[in-house]
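Undergrad: Here are the chains, one letter per residue:
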Amino acid sequence: MSTLLNAKQLQRSFHSRLVVEPLDLQLSTGDILGLLGPNGAGKSTIMRMLCGDLAPSGGTVEIGGDDLLQQPLPCKRRIGFLPERPPLHHDQTVDEYLTDCAYLRGMDRSACKTARLQSKQQCGLESVGSRLIRKLSKGYQQRVGLAQAIIHDPQVVILDEPTDGLDPAQIRQVRELIRSLAETRGVILSSHILPEIQATCNRVVILQDGRTVYSGDLSTPASPCYRIGLEQDPDEVLIAALSPVTSVEHLHTDYFRVTLKTGANPSELSRLILEKGWGLIELTPETLSLEQRYLQATTGGES
Amino acid sequence: MIRRLAWVEWKRVMRTPLAWVMLAVSLCLLSWQFLGTLEAFVGMQTGDRILGLTHHLGLQLFGLAAVVLFIITPILTMRVFSEAFRSGTYTLLSSSAISVSDILLGKFFGILLLQLPFVLMPAGLSLTLTTGTTLDLGLIAAATLGLILLSVLYTAIGLYLSILSENPAVAAAGAYGLSLLLSLLDQHTASGGFLHWLAWPSHYLNLQMGLVHSGDIAYFLLLMLFFLGLSYQRLDQRRCG
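Protein chains in written order, with this note's numbering: chain L, 1 to 303; chain B, 1 to 241.
Here chain L stands alone, though its shape is the one from the complex:
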């Protein structure tokens, strides 16, 4: 898979206050990368930097091999952006608005019409083409925002809180749309809602106060975590003192969650437990759910 977007050491300050600490991001075709974090974590700022709306204070962004700062126009042609607040002209009809969007993205008149019909069809807007945007429901307005982001068939689609304000049925439709977009493109979306990221993305970056506290794949465990059950009930400190262990969490009675050092082998852990005579009942690899990772990451300590 080709790398569509590559951000290195991307950072942003406002009035000498660092709001996004140096961040590395890669996006390939087929990727749906989620930016997850509480409000104010820096998600929107990162997205604005990635789409060229905001200049970074440091670092580089390459889109399709071109540097966004050096060659903004070819880069921006490859990006479709839906900000948190859809950039809609409420006095226009959906057709007028989408035609203008296509026209401003350099298409000729006939291509504008084709692109408009295609994006309307993708976003389920066929029935509201002649209606004024201000008279549409919030869900439909969000879809119009999505349609403008994809009307020029960009390689990278950046969506800031795309399901915000939608009802469950609409959320499901938008998720399906995002998945279908990602078949031939790369998609970055932000949300502060865990299930949203879990349901849509294959990779996640968790942010806290502008700092990346977790970055990894959602489908495979990124943290070497094991759930162990012991016949004896040794003190947590004793378990933590074992050489392959970095941290221990007491779950209940004789059960613990143990995180191993990078590259450490669980067989080493079992050997040491047996040597200590604690009686190993269970040793199960544990995949952290996104919620656990999110809580671990945002309530202290890196996962």
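Which residues of chain L face chain B? A few of them, derived with a C-beta cut under 10 Å, are:
hint	residue
1	C51
2	L73
3	P74
4	C75
5	R77
6	G80
7	P86
8	H90
9	D91
10	G106
Calculated directly from the structure, the hints in this document are not laboratory data.
In this text, a Cβ means the ideal position worked out from N, Cα and C, and glycines have one as well.
The hints should help you fit chain B onto chain L, whose structure is shown.
TA: Frame of chain L, contents of chain B only:
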């Protein structure tokens, strides 16, 4: 891209009743002034006619047209950037493959395109007389050039103020204030001084009277470039923060 953006801007405003109401009101006012000037001229004794009919039209009809431009331009420009910032539609442009200078010039020419009917209206009314009398067409062309240059200046000022504030009313108030200040600077200031030169009425008056001085044209273009430069700098600063 400038042409596309100007066209989109023009279409967007022309879809609203605002542009049509302003056009209708302006046409009524200018027609009233035109007929009044004509009636006054016809009623004059031949000996009292120091200036010709075209000069009278230049002074009175084009004079009122300058006032109409002064009133309508901030109304047209106030929403261009301030509302785009407030509603988030500016992101549509800033994240598209359009440079900051193209965004600015596209909006600028879009507003000028909207003002074109207002600017050509006095010339159009005056030219209706060509069937019955001989007019000084050069004077009408010079006065129309004056109106074009005035609209260019007002638009540059209006856009700059629109960039400075996210509140359209504040942007309009600022544009009115600054335009008015530029029209009053020649009062109570020494003739030949910089502040006196900075006022537009004397430059416009020359053109109204059919005198095309390159210095007057340069005055309007320099001030336009000054305000467009400030606007560009503010827009770029907004991106860089």
